Structure formats: C-alpha cells, structure tokens
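Chemist: Order-wise, the sequence lines are chains C and B. All letters in the first sequence, in the order written, are residues 1 to 280 by our numbering. All letters in the second sequence, in the order written, are residues 1001 to 1280 by our numbering.
Treat the hints as calculated values from the structure; they're not laboratory data. Heads up, a few of these hints could be off.
[Said to hold, decoys possible] A partial selection of chain C residues facing chain B, derived with a Cβ cut-off under 7 Å: (1) GLU40; (2) GLY43; (3) VAL47; (4) TYR110; (5) ASN138; (6) LEU231; (7) THR263; (8) LEU265; (9) GLY269.
[To be verified] Below 35 Å or equal to it, Euclidean Cα-Cα: the simulated DSBU-like pairs (lysine-lysine) are: (10) LYS125/C / LYS1033/B; (11) LYS1125/B / LYS33/C; (12) LYS33/C / LYS1033/B.
Note that this is a predicted model, so its numbers are computed, not measured. The beta-carbon is built from N, C-alpha and C at its ideal position, and this holds for glycine as well.
There are 2 protein chains.
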Amino acid sequence: MLGEPLLEALAEAAEEFLTGVIDAVADIVPAVKPQAACYERLGVSGVAVLRRLIRYAHERDLLVILDAKRNDIQSTAEAYADAYLGQVEAPGAAGAGEAWPVDALTINPYLGSDGVLPFIERAEKFDRGVFVLVRTSNPSSVELQNLLVSAGEEDSWTIADGVARKVDIWGETSVGRCGYSSVGAVLGATFPDEARRFRRLMQRAYFLVPGVGTQGGNVEQLASFFGSDGLGAIVASSRSLIYAYREPRWAGLPFQEATRSATQLLREGVERARAEAANA
Amino acid sequence: MLGEPLLEALAEAAEEFLTGVIDAVADIVPAVKPQAACYERLGVSGVAVLRRLIRYAHERDLLVILDAKRNDIQSTAEAYADAYLGQVEAPGAAGAGEAWPVDALTINPYLGSDGVLPFIERAEKFDRGVFVLVRTSNPSSVELQNLLVSAGEEDSWTIADGVARKVDIWGETSVGRCGYSSVGAVLGATFPDEARRFRRLMQRAYFLVPGVGTQGGNVEQLASFFGSDGLGAIVASSRSLIYAYREPRWAGLPFQEATRSATQLLREGVERARAEAANA
Chain C
1 MLGEPLLEAL
11 AEAAEEFLTG
21 VIDAVADIVP
31 AVKPQAACYE
41 RLGVSGVAVL
51 RRLIRYAHER
61 DLLVILDAKR
71 NDIQSTAEAY
81 ADAYLGQVEA
91 PGAAGAGEAW
101 PVDALTINPY
111 LGSDGVLPFI
121 ERAEKFDRGV
131 FVLVRTSNPS
141 SVELQNLLVS
151 AGEEDSWTIA
161 DGVARKVDIW
171 GETSVGRCGY
181 SSVGAVLGAT
191 FPDEARRFRR
201 LMQRAYFLVP
211 GVGTQGGNVE
221 QLASFFGSDG
231 LGAIVASSRS
241 LIYAYREPRW
251 AGLPFQEATR
261 SATQLLREGV
271 ERARAEAANA
Chain B
1001 MLGEPLLEAL
1011 AEAAEEFLTG
1021 VIDAVADIVP
1031 AVKPQAACYE
1041 RLGVSGVAVL
1051 RRLIRYAHER
1061 DLLVILDAKR
1071 NDIQSTAEAY
1081 ADAYLGQVEA
1091 PGAAGAGEAW
1101 PVDALTINPY
1111 LGSDGVLPFI
1121 ERAEKFDRGV
1131 FVLVRTSNPS
1141 SVELQNLLVS
1151 AGEEDSWTIA
1161 DGVARKVDIW
1171 GETSVGRCGY
1181 SSVGAVLGAT
1191 FPDEARRFRR
1201 LMQRAYFLVP
1211 GVGTQGGNVE
1221 QLASFFGSDG
1231 LGAIVASSRS
1241 LIYAYREPRW
1251 AGLPFQEATR
1261 SATQLLREGV
1271 ERARAEAANA
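In isolation and in its complexed conformation, chain C is listed as follows (with noise of 0.2 Å):
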C-alpha cells in the first residue's frame, strides 16, 4: 500500500483545481475535454474524481467529451461502450447503471468495424457521439496513418484517408437536423493542410480538433476544419488553457483568471475561423 495514500492526495489536489477550472469557463465553452489517463494514473482515487466531474460539467450544462481512445474487439467494445455510452443492466435486477456517462468518447479504430461499431451502436440508441481517431496530432501520427494504401492501378490513398471514408460509411445512418452525424472524426490541428481534404471525404462529421497551444496548432489556421456552414469542427485545448497561469502572458493572475483569459482569446480565435469557413 505505500504511497497510496499519496495518490489519494493528489486526486483530492486535482479534483479542486479542475472543479476551478470548470467554474472558470462553464459560461464561455459548450464542452470539456477530460483525458482519461490523467486520472487513470491516479488509481481508483482518481477515476472517482474523473466520475465526480463528469457530474459537475453536467449541471454546469457543459458536454463532456472524454478522451479515452479505447478500442477492442467486439465483445469487449460493447464493454466500454457500455461504461462509457450506454449502461449496465443485470438479469433480474431493475433498474440499470451507469459507470461514466459521457457525452462522446475518443475510440481507436486498428481493429477495424467490429471494434467500433458497438460503441456506435450505444452512441445512436443513447443520443451520445464518438470521435474516432483519424489523423492525431502528435509528430509520429505520420509512421502509421500517412503510409500509402495501393488499392490497384491508379488508386492509392492513405491510411487516415482510409479510416476517414469508414467514418463517413458508419455515419450514414445517425444524421441530425444540422446534417451531422454521431460518428465524428480526431483530427489534428498541428495538420491544418489536411482539413480540407477530410472536410470532403467526411462532409457529416463532427471534427474534434485537439493540438491548438502546447503541440503547436495555430489558431489562425483553423478555417478550414469547418463546413461551409461555420459548424462542424469542435476545437479542443486543454494544457495551454488549465495551465495558463504559467504563462508570462498572464502572469499575476489567480489561475481562474488566467485560464478564463486564455479560453476567450481561443474563443475569439474560434469564431473568427468559424466566419472565415462560412465566408470562403
């Protein structure tokens, strides 16, 4: 048990600092971002904060998006998207529970439609949404997902490319009345040069676009992750915002204060992109 206590301890530190954060930009963001390692790493202390938060953001009226990329293979993924988007049911027992209820869930797609479509499934029957992983932001993201697919003669494209035409397939049948579906796409904002072309091969997806600040994703370069309609694309920050009392910028400020300042000017960096698409 050593040092148990010690995580405990750190979990109760996150809990009020994030529940800060939360209060700090309820007004201002549709939605929270909460990655699912930071609390992971902080054992069973710390996925109980994960679930405590989760039912802040909520009465806060914020949807909650977490990043968890799981992925497996039918069975199991019908596990996770039972504990992540839908519930838990026994035999004979009324009633039903729910482990982490989020608003949509990162997934990973290596394994291919059988992993992915029962998080899909609880998606469409529970009103939720996935993202799934189609161009990460990370440098690496190139290794695996730009390798060139030959298709035959004439036809090659890439992995992503590839990934992205499923997630267009998978969504056909959960368009809403703003003709977006509950299959949306990871796509990152260190790769602006892209967007335009995962715009085209996935016109009813969601985007979820992390990597803006810290991995070096320009805000000014957003554009056209967008539709034409200035919708489509959900800009996801989160070290260069919670922790942007560390900047220089904003130095002096309590951590609210500058976390709040920081999320107004993405805000601001938002919208302009937003008009900038529905211009273009």
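Once you've looked at the hints, dock chain B against the given chain C.
Modeler: Frame of chain C, contents of chain B only:
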C-alpha cells in the same frame, strides 16, 4: 445516483467469482490477463476490484498482463505508462504511488512511435513488458491491419507487417537472457497461417496469443507461434475458461472445477504446441 448500487453489487459478485477463478488455476498457469473494459463497465467499484485482484494475483505468484489496449500522444502515453507500468511521484513528496501495477500491458500502435516509446521506457525501467497490437484476433482486423502498403517498386507489405518491424526495432535494447525483449506483440490465434511470418519478423518478441476457444482459435494450430526453443508465446484464453461451467462438457461441475479442467486441457494443448515447435 440511480443504479450505482447495482454496479457495486455486480462488482462485488465479480470479485468473488474471479478470486475463485484465480484460486482454481493459480498453480497451473503462469499469468492472468484481466480485460480492463470488464472492470470499467462496473464504474469506480469495478476498477477498485481490478486493483485488488492485481494484488491477489501477485500474492499467488501470478504475472498480471492487463489487456487495456492503451494509446495516446507522448505526454498522455507517459501518464498511462505511469498508471500501469511505472509509478507516480509528486514534487516534494516522499515515496511514490502505484495506481494499477501490472507486469505487462497491451498497447495500440495507431499513433506511431512517440505514443509507444513512453510505455517501453517504463517497461524497461521497472522490469515490466508491453504487448503491441499487431494482428488482432477479431474478424475485421483485416480491414486496416491487412492493407497493403506500397513502399516503392516491388516492395509491399501489410500494416501489421509494418508494425511487426517496428516491434522488432523497439525491442532491440531490452533483450534478456532468454533472448526475448520487453516488447512483445499481440497476434490472434485465429490467424495461425500468418504466425510463421510474424515469428521471422519479430524473433526477440514474446507473442501474446488470444482467441483460442470462444473466438475460434484452434489449440492444435499454435505451434508456429512459438520459437524453436519452445518459448516465445503466451496463449491467452478467457471466456472459454472462466465460463467453462456453462459448457456441456463440464456440466454439473462446480465452476472452479470446470475452469480448472478446461485450463488443464488448454495447457496440455499448449505443451504439445511447444514440443512441436521445438522439434520442427
């Protein structure tokens, strides 16, 4: 909170059942492979059970391979690696905490090297291991993993082959005295015809081979997963062992006896495969 008592009751039942499974097989298997999703679907109570079962398996001298298929960009992969293969420290605090300390973890390669190396670094530092998904056991694994990559004239290979080559390189620096490294590969028992090629591509990798039993993998076709030393593979079977009491073959036996009998039978098959590989 509706339904949370249901999850707690299910978690309690799971703990009793799975403790019984461990007791039934602890002296005839080297390792257990819990599936993270099955605990996550039972919420905080569920992952608390996982934490206790890891401890219990270690007390029974079993290795624990956590099947969690984690993956993310570098900074987040570090957090996952700390959670499962390393430890968590805090500035100024004495000691370190271990969230879910397992002996090996399955990981997904879709994000490329920078999302994989933090896991390998922790594995090397703390004497643990990773198993990288190469060719998974599910039917649709062909969709992405079997795509042919064109790498110039006359050279083409599948995505799974490409990942296998990476696994071989990633394992170079951690080869132990039996000739195997800390970096293993997941290869489904459902594709025995490909095992020989993968063995050639990854001579120093331990293979984690799931899919025997319920998923259709045949115990009589396992020899080519092993090296000529009769080592190099861990055959994993879950549902067909823990639910053995449901099989007509073991009808009427208490669940622990059914599980033990099924495990013993699988073990004999694995021993035949090892002998066949060593005599080939």
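Chemist: Hints first: check each against the structure and report whether it holds.
Modeler: Going through the hints against the structure:
1. GLU40: 4 Å, holds
2. GLY43: 4 Å, holds
3. VAL47: 6 Å, holds
4. TYR110: 5 Å, holds
5. ASN138: 4 Å, holds
6. LEU231: Hint violated; LEU231/C Cβ to chain B Cβ min 26 Å, cut 7 Å.
7. THR263: The hint is violated - THR263/C has no Cβ within 7 Å of chain B, the shortest such distance being about 20 Å.
8. LEU265: Violated, because the Cβ-Cβ distance from LEU265/C to chain B comes to roughly 22 Å (cut-off 7 Å).
9. GLY269: Status violated, d = 22 Å.
10. LYS125/C / LYS1033/B: Roughly 31 Å between the alpha carbons, so the hint for LYS125/C and LYS1033/B holds.
11. LYS1125/B / LYS33/C: Status holds; Cα separation ~31 Å.
12. LYS33/C / LYS1033/B: Holds. LYS33/C to LYS1033/B sits at ~30 Å (cutoff 35 Å).
Hint violations for this structure: numbers 6, 7, 8, 9, all remaining hints satisfied.
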